[in-house]
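Chemist: Read off the chains here:
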Amino acid sequence: MSHYKIIFTGPVGAGKTTAIESISDIAPIKTDASASDMTKTKKSSTTVAMDYGIMNLAGGEKIHLYGTPGQERFDFMWDILTTGGIGLILLLDNTRADPFQDMKFFLDSFQKFIAETNVAIGVTQMDLSNKPTINDYHSQLRAMGIKPPVFSVDARVKNDVSLLVQSLLYSLDPGIEA
Amino acid sequence: MSEARAILSVKKKSDNQVNACTQNTASRQPQNPVTKPESSLSPEKDPVKKQATNTDEQKKTSKHQTAMQLDEGKFNAFIGSVPGLDVNDPKQFPDAAYNPKDYFQGYVQSALMVAEAKKQVMRLNSGWKPLIIFPHNHEIWLDADDKQLRAFAGVGMNKISGPGMTLTPEESIAASVQESLEKFHDQDAFLWKLAAWTSKGRYPGALDINRPVFLKHWPNFTRLVVTPHALRISALLMASPRTLPEIAEVLKIKPQYVFVFISSAYALGLIGQAKREADEIVQPSVVKKTEQQGLLSRIIGKLRANKS
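Residue numbers (this note's numbering), protein chains in the order written: chain A, 1 to 178; chain B, 1 to 308.
Read the hints as simulated data drawn from the structure, not as lab findings. Glycine included, C-beta positions come from ideal geometry on N, C-alpha and C. Some hints here could point you the wrong way.
What the hints assert, rightly or not - Calculated from the model, a selection of chain B residues having no Cβ within reach of chain A, i.e. all distances over 10 Å:
{"no.": "1", "residue": "A77"}
{"no.": "2", "residue": "K101"}
{"no.": "3", "residue": "Q109"}
{"no.": "4", "residue": "N137"}
{"no.": "5", "residue": "M238"}
{"no.": "6", "residue": "A239"}
Claimed, not checked - Below are the EDC-like pairs computed for lysine to aspartate or glutamate, each with C-alpha atoms no more than 16 Å apart in a straight line:
{"no.": "7", "chain 1": "B", "residue 1": "K118", "chain 2": "B", "residue 2": "E171"}
{"no.": "8", "chain 1": "B", "residue 1": "K252", "chain 2": "A", "residue 2": "D25"}
{"no.": "9", "chain 1": "B", "residue 1": "K302", "chain 2": "A", "residue 2": "D127"}
{"no.": "10", "chain 1": "A", "residue 1": "K131", "chain 2": "B", "residue 2": "E139"}
{"no.": "11", "chain 1": "B", "residue 1": "K289", "chain 2": "A", "residue 2": "D136"}
{"no.": "12", "chain 1": "B", "residue 1": "K302", "chain 2": "A", "residue 2": "E116"}
{"no.": "13", "chain 1": "B", "residue 1": "K252", "chain 2": "B", "residue 2": "D89"}
{"no.": "14", "chain 1": "B", "residue 1": "K59", "chain 2": "A", "residue 2": "D127"}
{"no.": "15", "chain 1": "A", "residue 1": "K131", "chain 2": "B", "residue 2": "D56"}
{"no.": "16", "chain 1": "B", "residue 1": "K254", "chain 2": "A", "residue 2": "E177"}
{"no.": "17", "chain 1": "A", "residue 1": "K5", "chain 2": "A", "residue 2": "D127"}
{"no.": "18", "chain 1": "B", "residue 1": "K275", "chain 2": "B", "residue 2": "E179"}
{"no.": "19", "chain 1": "B", "residue 1": "K302", "chain 2": "A", "residue 2": "D136"}
{"no.": "20", "chain 1": "B", "residue 1": "K118", "chain 2": "B", "residue 2": "E139"}
{"no.": "21", "chain 1": "B", "residue 1": "K216", "chain 2": "A", "residue 2": "D25"}
{"no.": "22", "chain 1": "A", "residue 1": "K131", "chain 2": "B", "residue 2": "E57"}
{"no.": "23", "chain 1": "B", "residue 1": "K183", "chain 2": "B", "residue 2": "E72"}
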């Protein structure tokens with residue numbers, strides 16, 4: 001059976017693990033470790049290899065949900081994880097000092113994969129920090145020459161994550177029907 | 001200093017604190033955006049995090065609640081329809097246009113423009129519920145629930161009630177407003193649903209139905225009322241401009257779903273229309289059917305079934 005997968009990426013603390021948990025049919029498999037570096041200032045543990053969840057489709061098909069580790073020293077895994085992926089979900093934390101820099105970094109890092117598939121961007125923590133606005137993100141993206149979906153997302157809310165993934169899939173093919 | 005100005009002053013100070021923090025961080029040594037140098041800083045002093053978060057913002061629950069996704073079955077009950085008009089009949093398309101200026105929507109849009117231009121908190125008095133506009137935070141305060149707003153949205157503002165509308169600077173913010181944070185709405189989300197309820201499946205008369213329209217960028221769907229097929233329409237328009245009937249035809253959906261989406265997106269300034277002849281002769285690209293269409297469709301079905 002084919003190995004279909006959707007990739008979730010973004011900086012440490014952006015909500016990748018939580019987002020996968022929101023739509024996975026299994027308790028996500030996490031490869032957390034006690035944070036020993038800068039990450040520990042944000043949370044006690046962090047993803048060091050990857051997160052993994054599954055969506056079970058009618059007919060027995062499975063969609064594998066992979067979350068990349070947020071730290072760049074694990075970037076050697078990113079190429080491996082994206083191979084054969086359907087598309088990319090990029091989550092950005094709006095309380096970080098420069099989320100635009102984060103956005104550019106990840107869009108650059110996954111440029112090849114995005115060119116072959118597509119990307120949808122979720123901005124988390126907007127209830128804690130309402131600036132920059134979603135329109136500010138669109139302005140930045142316009143300057144980069146791309147126009148992906150950008151939504152406010154609470155990674156704990158299934159509906160938010162669901163809409164973000166749906167926008168990714170419709171971007172790939174607006175003709176698809178549920 | 002007036003109370004209103006004092007409030008704005010406080011809010012601006014809060015924003016400045018965030019900006020100042022951002023600038024301070026930016027002025028440090030260039031850092032990798034992902035991996036930061038090891039540090040023993042406490043979270044409060046974490047340089048990659050903004051130092052200030054807005055606790056009031058979390059209490060504005062209407063602003064941050066997740067989207068309502070409407071399916072076709074709920075459309076007429078939630079959005080409504082115009083008696084005696086079948087907007088899905090191509091012969092009746094010329095009659096399926098509406099002018100937002102004839103409704104509360106038009107007055108709200110004008111008021112938003114004035115408040116934004118003056119950078120002044122403004123109150124729109126309509127003889128109904130007062131509506132207060134906070135342009136600095138892109139917010140609207142209204143003491144009415146969706147059911148009440150939906151009913152008022154559909155009422156035509158005739159020549160008698162229209163002139164009764166007034167827009168006045170709000171010099172002092174009442175305690176009842178400051179204490180009712182849940183009645184603050186994001187300006188775009190408010191205008192989006194107001195336009196949908198005003199439209200009732202019609203399209204804005206300012207648009208030429210036979211000229212292609214384009215979408216400037218994706219709407220922030222997680223905080224809007226998601227009308228049937230709105231995501232598909234967005235994806236299609238992001239790929240290339242199309243006329244309204246063409247969108248319905250390509251996606252094999254009823255025109256009312258296109259019209260209501262276009263009405264809301266147009267109210268937010270997200271819709272543009274080809275003005276020059278050269279723009280019109282650009283043929284829209286054919287929608288490419290992906291090899292994985294069946295699979296993608298099953299994933300969408302799964303996601304929508306689990307949307308609770």
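Chemist: Against each hint, give a clear statement of whether it holds in the structure.
Modeler: Do the hints match the structure? See the list:
1. Against chain A, the non-interface label of A77 of chain B holds: every CB pair exceeds 10 Å, the least being about 20 Å.
2. The Cβ of K101 of chain B sits about 25 Å from the closest Cβ of chain A, beyond the 10 Å cut-off, so the non-interface label holds.
3. Consistency note on Q109 of chain B: stated as away from chain A, and its beta-carbon is indeed over 10 Å from all of that chain's, at 17 Å minimum.
4. Against chain A, the non-interface label of N137 of chain B is violated: not every CB pair exceeds 10 Å, the least being about 7 Å.
5. For M238 of chain B, the shortest C-beta to C-beta distance to chain A comes to about 6 Å, within the 10 Å cut-off, and the non-interface label is violated.
6. With a minimum CB-CB distance of about 7 Å to chain A, A239 of chain B fails to clear the 10 Å threshold, and the non-interface call is violated.
7. Among the hinted pairs, K118 of chain B with E171 of chain B is consistent with the structure: their alpha-carbon atoms are about 13 Å apart, no more than 16 Å.
8. Between the alpha carbons of K252 of chain B and D25 of chain A the distance comes to roughly 32 Å, so the proposed pair goes past 16 Å and is violated.
9. With a C-alpha separation of about 28 Å, the suggested pair K302 of chain B and D127 of chain A falls outside the 16 Å cut-off, and the hint is violated.
10. For the proposed pair K131 of chain A and E139 of chain B, the alpha carbon gap of about 13 Å is at most 16 Å, so the pair holds.
11. With a CA separation close to 32 Å, the supplied pair K289 of chain B and D136 of chain A exceeds the 16 Å bound.
12. Using a Cα cut-off of 16 Å, the hinted pair K302 of chain B and E116 of chain A is violated, with the two alpha carbons roughly 24 Å apart.
13. Taking the CA atoms of K252 of chain B and D89 of chain B, the gap is about 14 Å. The hint holds against a cut of 16 Å.
14. With a C-alpha separation of about 9 Å, the suggested pairing of K59 of chain B with D127 of chain A holds against the 16 Å cut-off.
15. For the given pair, K131 of chain A sits about 14 Å from D56 of chain B by alpha-carbon distance, which is consistent with the 16 Å threshold.
16. Only pairs whose Cα atoms come within 16 Å are accepted, and K254 of chain B paired with E177 of chain A is accepted, the gap being roughly 14 Å.
17. For a cut-off of 16 Å, the pair hint linking K5 of chain A to D127 of chain A is broken: about 30 Å separates their Cα positions.
18. A C-alpha spacing of about 47 Å is found between K275 of chain B and E179 of chain B, which places the hinted pair above 16 Å, so the restraint is violated.
19. Our distance criterion of 16 Å between C-alpha atoms is broken by K302 of chain B and D136 of chain A, whose separation comes to about 32 Å.
20. A threshold of 16 Å between alpha carbons decides the hint, and for K118 of chain B with E139 of chain B the separation of about 15 Å falls inside it, so the pair holds.
21. Between the alpha carbons of K216 of chain B and D25 of chain A the distance comes to roughly 36 Å, so the proposed pair goes past 16 Å and is violated.
22. For the hint pairing K131 of chain A with E57 of chain B, the CA-to-CA distance comes to about 11 Å; that is within 16 Å, so the pair holds.
23. A C-alpha spacing of about 29 Å is found between K183 of chain B and E72 of chain B, which places the hinted pair above 16 Å, so the restraint is violated.
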